[in-house]
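**Q** Listed below, chain by chain, are the residues.
2 protein chains.
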Amino acid sequence: MKKIAILGFGIVGGGIAEVLDQNKDQIEYQLGEKVEIGYILDKLDFKGTKYESIVVKDIQTILDDPEVVLVAETMGGLHPAYEFSLAALQAGKSVVTSNKAVVAKYGSILLQTAKENNVRYLFEASVGGGIPIIRPLCDSLAGNKICSITGILNGTTNFILNEMENKGASFEAALASAQEKGYAEKDPTDDIEGYDAKRKICILAALAFGKMFPEEAVACEGITNLDLCDVNILSEIGAKIKLIGHAKQVDDHIIMYVRPCVCLMDNPLASVSGVYNGIMVEGNVLGKVMFYGKGAGRLPTASAVVSDILNILMSPCKVDSIKFEEGAVKELCQDRSGKHTFYIRMEQEPVGYSYRALSGAYLVDQISRNEIEEKWQPDAYYQVL
Amino acid sequence: MKKIAILGFGIVGGGIAEVLDQNKDQIEYQLGEKVEIGYILDKLDFKGTKYESIVVKDIQTILDDPEVVLVAETMGGLHPAYEFSLAALQAGKSVVTSNKAVVAKYGSILLQTAKENNVRYLFEASVGGGIPIIRPLCDSLAGNKICSITGILNGTTNFILNEMENKGASFEAALASAQEKGYAEKDPTDDIEGYDAKRKICILAALAFGKMFPEEAVACEGITNLDLCDVNILSEIGAKIKLIGHAKQVDDHIIMYVRPCVCLMDNPLASVSGVYNGIMVEGNVLGKVMFYGKGAGRLPTASAVVSDILNILMSPCKVDSIKFEEGAVKELCQDRSGKHTFYIRMEQEPVGYSYRALSGAYLVDQISRNEIEEKWQPDAYYQVL
Numbered sequence: 001m002k003k004i005a006i007l008g009f010g011i012v013g014g015g016i017a018e019v020l021d022q023n024k025d026q027i028e029y030q031l032g033e034k035v036e037i038g039y040i041l042d043k044l045d046f047k048g049t050k051y052e053s054i055v056v057k058d059i060q061t062i063l064d065d066p067e068v069v070l071v072a073e074t075m076g077g078l079h080p081a082y083e084f085s086l087a088a089l090q091a092g093k094s095v096v097t098s099n100k101a102v103v104a105k106y107g108s109i110l111l112q113t114a115k116e117n118n119v120r121y122l123f124e125a126s127v128g129g130g131i132p133i134i135r136p137l138c139d140s141l142a143g144n145k146i147c148s149i150t151g152i153l154n155g156t157t158n159f160i161l162n163e164m165e166n167k168g169a170s171f172e173a174a175l176a177s178a179q180e181k182g183y184a185e186k187d188p189t190d191d192i193e194g195y196d197a198k199r200k201i202c203i204l205a206a207l208a209f210g211k212m213f214p215e216e217a218v219a220c221e222g223i224t225n226l227d228l229c230d231v232n233i234l235s236e237i238g239a240k241i242k243l244i245g246h247a248k249q250v251d252d253h254i255i256m257y258v259r260p261c262v263c264l265m266d267n268p269l270a271s272v273s274g275v276y277n278g279i280m281v282e283g284n285v286l287g288k289v290m291f292y293g294k295g296a297g298r299l300p301t302a303s304a305v306v307s308d309i310l311n312i313l314m315s316p317c318k319v320d321s322i323k324f325e326e327g328a329v330k331e332l333c334q335d336r337s338g339k340h341t342f343y344i345r346m347e348q349e350p351v352g353y354s355y356r357a358l359s360g361a362y363l364v365d366q367i368s369r370n371e372i373e374e375k376w377q378p379d380a381y382y383q384v385l
Numbered sequence: 001m002k003k004i005a006i007l008g009f010g011i012v013g014g015g016i017a018e019v020l021d022q023n024k025d026q027i028e029y030q031l032g033e034k035v036e037i038g039y040i041l042d043k044l045d046f047k048g049t050k051y052e053s054i055v056v057k058d059i060q061t062i063l064d065d066p067e068v069v070l071v072a073e074t075m076g077g078l079h080p081a082y083e084f085s086l087a088a089l090q091a092g093k094s095v096v097t098s099n100k101a102v103v104a105k106y107g108s109i110l111l112q113t114a115k116e117n118n119v120r121y122l123f124e125a126s127v128g129g130g131i132p133i134i135r136p137l138c139d140s141l142a143g144n145k146i147c148s149i150t151g152i153l154n155g156t157t158n159f160i161l162n163e164m165e166n167k168g169a170s171f172e173a174a175l176a177s178a179q180e181k182g183y184a185e186k187d188p189t190d191d192i193e194g195y196d197a198k199r200k201i202c203i204l205a206a207l208a209f210g211k212m213f214p215e216e217a218v219a220c221e222g223i224t225n226l227d228l229c230d231v232n233i234l235s236e237i238g239a240k241i242k243l244i245g246h247a248k249q250v251d252d253h254i255i256m257y258v259r260p261c262v263c264l265m266d267n268p269l270a271s272v273s274g275v276y277n278g279i280m281v282e283g284n285v286l287g288k289v290m291f292y293g294k295g296a297g298r299l300p301t302a303s304a305v306v307s308d309i310l311n312i313l314m315s316p317c318k319v320d321s322i323k324f325e326e327g328a329v330k331e332l333c334q335d336r337s338g339k340h341t342f343y344i345r346m347e348q349e350p351v352g353y354s355y356r357a358l359s360g361a362y363l364v365d366q367i368s369r370n371e372i373e374e375k376w377q378p379d380a381y382y383q384v385l
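Protein chains in written order, with my numbering: chain H, 1 to 385; chain V, 1 to 385.
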């Protein structure tokens with residue numbers, strides 16, 4: 001029997017207990033023994049539930065129990081999630097988490113601490129909910145140089161964009177509908193401003209390129225300024241506006257941003273609809289692969305945490321190939337002069353460029369952000385992927 | 001330095017050498033040391049190439065060298081690929097392969113032999129080319145009960161179906177075009193009759209459900225009888241015919257087949273086009289995830305083999321969660337009485353059923369294969385996924 005502890009028994013923490021319970025036969029078959037939740041650290045007491053007797057209030061109780069081999073941190077927020085994770089690793093316990101904020105800010109320290117203490121720190125659930133992406137990126141694509149990562153990393157905004165497109169809803173109406181369905185929080189800032197997607201692309205870029213950049217330094221634009229008319233104009237050619245997180249290595253620089261971009265019909269990301277996520281990874285020998293699934297939700301996310309738990313319990317001392325250090329802001333590139341195809345809505349005709357006219361807008365080839373802003377004052381413009 | 005051997009230096013074997021060479025810095029960074037190809041076993045001599053000096057003709061030379069820790073089997077065919085793999089495992093060397101025929105027929109014995117000798121047998125490249133699917137299925141989805149696997153597993157047939165759809169080509173013309181482009185072999189039987197997809201769904205089902213069924217026992221229908229008119233009728237509603245490999249656990253039985261099926265527009269498999277593969281996995285807590293990418297090709301396939309090589313070199317003694325035994329034919333179910341939606345092309349109108357009329361065909365709900373065959377003599381019928 002393997003004893004674990006859960007820090008924070010909210011949506012994901014409770015989901016972990018549910019998954020461990022629901023699939024206990026399967027898990028015992030794979031692992032060869034049972035997994036027992038020894039402790040739950042939470043402010044609430046869960047009186048009258050079967051968890052009542054294992055709720056503790058002091059992390060030290062967990063740290064002091066030598067039988068606890070693994071701690072699942074699902075508290076959310078930076079503090080004390082970071083301090084508790086650090087203490088657990090230092091106490092020789094592996095840590096798994098779904099907490100992307102902690103991974104983005106303290107991931108390199110926590111990985112280093114895990115290594116020094118011969119334990120493991122895994123965070124599959126921090127990106128893409130239940131979609132396997134972190135481990136495939138590290139293990140299955142080993143032997144590739146990752147060229148780029150391009151993904152729809154936030155299900156809430158993807159749902160909102162879908163509502164605008166399919167129902168002709170304004171941004172505000174689509175947001176209200178997402179909130180009604182429980183896909184968006186009361187304060188939707190993190191999602192609609194792109195901050196959630198930004199943390200995720202930072203984590204993916206760290207795994208792919210070995211550098212974790214401070215999230216504040218990454219160019220980020222959400223979907224709040226999106227005009228329904230652009231969605232409609234693009235619909236005519238089967239193209240879609242998606243909130244994209246992108247990271248690409250170019251020489252010594254990393255281009256990284258979160259922005260609404262245009263996916264043409266033949267781009268597999270265009271068919272990622274509703275609350276789903278799709279993450280396209282390009283490797284130098286592999287070509288492009290895409291990972292698709294529900295990017296959030298109690299059980300999918302808990303499922304990813306449980307896969308990390310089982311992975312560690314089966315190979316507690318495995319040396320993970322996950323490693324990255326902190327990246328310097330000067331290595332980040334905004335890609336303002338790179339030539340791409342852009343969707344540009346403006347009155348003027350783009351003289352001197354090869355373009356395709358849409359209703360009141362243009363797809364202009366071989367142009368850069370800088371050129372667009374210098375030459376015209378467009379009503380809207382988005383890069384075409 | 002880690003010394004490995006390659007058995008069979010053809011398309012994939014040569015690709016492995018190319019990937020190891022092209023990404024040697026990256027690989028040395030991840031592994032902490034170099035990978036050296038110590039031997040190549042092949043009938044040819046590769047005179048005048050840099051490989052000339054390491055070509056051997058007798059497997060015993062490789063088995064006898066204690067420095068060789070891993071053997072990559074890329075010979076193709078069952079024999080002597082199986083015997084050589086077995087001998088290498090018994091000699092205490094881990095084995096990786098892209099050879100799906102060997103995995104489908106002898107996988108359970110080889111996995112058992114690996115376990116007994118404290119080495120590993122991995123075969124990521126046997127399904128989906130470079131797409132990470134085997135390891136995610138075993139590792140990342142651990143903790144899930146896999147409910148079903150549904151995939152476009154053969155790029156050649158998917159390309160042919162695409163040509164029929166986009167260019168209005170007949171099956172014969174589309175096949176000729178695939179052969180011209182190098183996507184289909186001179187003798188395309190394995191692809192167009194569905195045998196290749198059948199081996200792959202057998203392997204995926206073994207990993208998901210723990211039983212490897214003899215491929216001969218699996219219901220299999222290729223795309224040779226497909227009529228262009230069905231492709232065209234379905235096009236009207238944005239639906240597509242795809243060659244699907246499917247496996248699903250239902251009580252004590254496994255439903256498994258390879259057949260052309262209809263994917264409606266909102267099914268992500270519908271947007272898997274050309275030579276790409278898409279594999280949808282449904283887990284009981286995870287929901288649906290899809291893995292997408294190029295399912296074949298020299299470098300993508302070699303890339304998957306190299307990822308297995310690195311995985312083993314980094315953790316030579318890891319106990320893999322991959323395990324399956326041989327399944328009995330009686331556990332297989334043809335699903336002739338299961339109720340589904342079917343596309344049925346026939347003169348008669350489907351009285352007594354809820355249906356949607358297309359041009360000369362119908363989407364009929366809640367009907368089984370047995371009922372269709374008993375009641376009507378349709379010109380064509382395909383299950384809608």
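There could be a bad hint or two in this list.
Note: identical chains are not told apart, hence a pair may lie in one copy or across any two.
Taking lysine-lysine pairs in the DSSO-like style, the calculated list, with each CA pair at most 30 Å apart, reads [as the list claims (entries may be wrong)]:
hint, residue 1, residue 2
1, Lys318, Lys115
2, Lys318, Lys181
3, Lys339, Lys167
4, Lys2, Lys181
5, Lys115, Lys3
6, Lys330, Lys24
7, Lys186, Lys288
8, Lys47, Lys167
9, Lys181, Lys330
Think of the hints as simulated: they come from the structure by calculation, not from any bench.
**Q** Against this structure, judge whether each hint is valid.
**A** Quick rundown of the hints versus the structure:
Taking the closest pair of Cα atoms, Lys318 and Lys115 come within 30 Å of each other both inside a single copy (10 Å) and across two copies (18 Å). For the homomeric pair Lys318 and Lys181, neither the shortest alpha-carbon distance inside one copy (41 Å) nor that between copies (44 Å) is at most 30 Å. For the identical chains of this complex, Lys339 and Lys167 are neighbours neither inside a copy (34 Å) nor across copies (32 Å), given an alpha-carbon limit of 30 Å. Taking the closest pair of Cα atoms, Lys2 and Lys181 never come within 30 Å of each other, the shortest separation being 38 Å inside a single copy and 54 Å across copies.
For a Cα distance limit of 30 Å, the shortest separation of Lys115 from Lys3 qualifies both inside one copy, at 21 Å, and across copies, at 27 Å. Proximity of Lys330 to Lys24 under the C-alpha cut-off of 30 Å is restricted to the inter-copy arrangement: shortest distance 28 Å between copies versus 49 Å within a copy. For the identical chains of this complex, Lys186 and Lys288 are inter-copy neighbours only, at 27 Å across copies versus 37 Å inside a copy, given an alpha-carbon limit of 30 Å. Taking the shortest Cα distances, Lys47 and Lys167 never come within 30 Å of each other, neither inside one copy (45 Å) nor across copies (66 Å).
With identical chains, the CA atoms of Lys181 and Lys330 are never at most 30 Å apart, being 41 Å at best within one copy and 45 Å at best between copies.
Checked against the numbered hints above, the structure breaks hints 2, 3, 4, 8 and 9 and satisfies the rest.
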